[in-house]
Amino acid sequence: MKNVMRLKVKLALTSRTWCTPSRLCRIVGNLTEEQKDVVRAVGFGNLLLLKCGRLCREFYRWIVSSFDTKSSSLHIHGKTIRIDSSCFAHVMGIPDHGAPIHIHGAVSNLDYWAYKFSITSLGIDVKHIEDRFQVIKTYDNEFKVTFCLFILGTLLAPRTMK
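Residue 1 is where the sequence shown starts when you use this note's numbering, and the numbers rise one by one after that.
These are calculated hints, taken from the structure and not from any lab test. Just to be clear, a hint being listed does not mean it is correct.
Capping the alpha-carbon separation at 20 Å, the derived lysine to aspartate or glutamate pairs in EDC-like fashion look like this [unchecked claim]:
| no. | residue 1 | residue 2 |
| --- | --- | --- |
| 1 | K144 | D37 |
| 2 | K137 | E33 |
| 3 | K51 | E130 |
| 4 | K36 | E142 |
| 5 | K116 | D84 |
| 6 | K36 | D131 |
| 7 | K144 | E33 |
| 8 | K51 | E33 |
| 9 | K137 | E34 |
| 10 | K144 | D68 |
| 11 | K116 | D96 |
| 12 | K79 | D96 |
| 13 | K36 | D140 |
| 14 | K144 | D96 |
| 15 | K36 | E130 |
| 16 | K116 | D131 |
| 17 | K79 | D68 |
| 18 | K51 | D37 |
| 19 | K116 | D140 |
| 20 | K127 | E142 |
| 21 | K51 | D68 |
| 22 | K144 | E130 |
| 23 | K144 | D131 |
Taking CB as the label site, the calculated pair distances span [unchecked claim]:
| no. | residue 1 | residue 2 | range |
| --- | --- | --- | --- |
| 24 | I136 | P21 | 14 to 24 Å |
| 25 | F88 | E58 | 20 to 30 Å |
| 26 | H75 | L50 | 33 to 43 Å |
| 27 | N141 | D68 | 37 to 47 Å |
| 28 | T138 | S72 | 38 to 48 Å |
Every residue gets a Cβ at the ideal spot worked out from N, C-alpha and C, and that includes glycine.
All chains, please: the whole structure from these sequences, using the hints.
Structural data, given as structure tokens:
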């Protein structure tokens with residue numbers, strides 16, 4: 001019984017996240033200057049400056065335990081800090097509004113995109129998108145879509161469990 005309790009405590013302290021800044025840093029390091037210009041043009045230029053490769057799990061756990069989801073605020077050292085999308089945008093240096101990402105031409109062939117990114121009923125595997133950067137050397141619409149999907153899946157809206 002004691003071993004079961006230890007296991008439960010250990011599982012409770014384990015945090016899993018797919019938020020992987022190191023993946024983004026690796027990809028950004030291999031982008032051409034033209035691709036970086038496209039990233040800047042779509043409003044994510046500050047992500048090119050991201051240097052953090054790993055998340056400190058204890059710090060991450062402490063921040064999460066200090067966050068009140070009902071009030072969207074952090075409670076730290078007796079102070080309450082309200083967090084909203086503009087705070088996140090300010091810290092990350094990315095836009096917090098509906099700025100359009102211009103893709104030229106119609107996206108009428110959804111089957112093409114489903115095939116291109118191996119979309120299944122579970123979604124898109126971020127590893128597959130990461131692998132696309134090994135072969136994509138252009139800076140066209142396909143690059144824009146690939147980059148935006150990648151930052152969504154690794155940094156802005158990662159899954160919490162596999």
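Quiz item: Is the hinted pair K137 and E33 satisfied, with a Cα-Cα distance of at most 20 Å?
Solution: holds, 11 Å
Quiz item: Regarding F88 and E58, is the given constraint of 20 to 30 Å on their beta-carbon distance met?
Solution: Since F88 and E58 have Cβ atoms about 22 Å apart, the given range 20 to 30 Å holds.
Self-check item: Distance restraint between K144 and D96, which requires alpha-carbon spacing of 20 Å or less
Solution: holds, 18 Å
Quiz item: Do the beta carbons of T138 and S72 sit within 38 to 48 Å of each other?
Solution: holds, 40 Å
Quiz item: Are the Cα atoms of K144 and D131 separated by 20 Å or less?
Solution: Within the cut-off at roughly 15 Å; holds.
Quiz prompt | Satisfaction of hint between E33 and K51, Cα-Cα up to 20 Å | solution = Holds - the C-alpha atoms of E33 and K51 are around 18 Å apart, at most 20 Å.
Practice problem: Could you grab the alpha-carbon distance between K116 and D131 and see if it respects the 20 Å cut-off? | Solution: Holds, because 12 Å separates the two Cα atoms, which is no more than 20 Å.
Quiz item: Holds or violated: are the alpha carbons of K79 and D68 at most 20 Å from each other?
Solution: holds, 12 Å
Quiz item: CA of K36 to CA of D131, is that 20 Å or under?
Solution: holds, 18 Å
Exercise. Starting from the hint 37 to 47 Å, judge whether the C-beta atoms of N141 and D68 obey it.
Key: For D68 against N141, whose Cβ atoms are near 41 Å apart, the range 37 to 47 Å holds.
Practice problem: Compare the distance between the alpha carbons of K36 and D140 with 20 Å, and conclude whether the hinted pair is satisfied. | Solution: Given pair K36, D140 holds - Cα atoms ~12 Å apart, limit 20 Å.
Quiz item: Between K144 and D37, does the CA-CA distance stay at or below 20 Å?
Solution: holds, 11 Å
Hints 5, 10, 11, 12, 21 and 26 from the list above are not met by this structure, while the remaining hints are.
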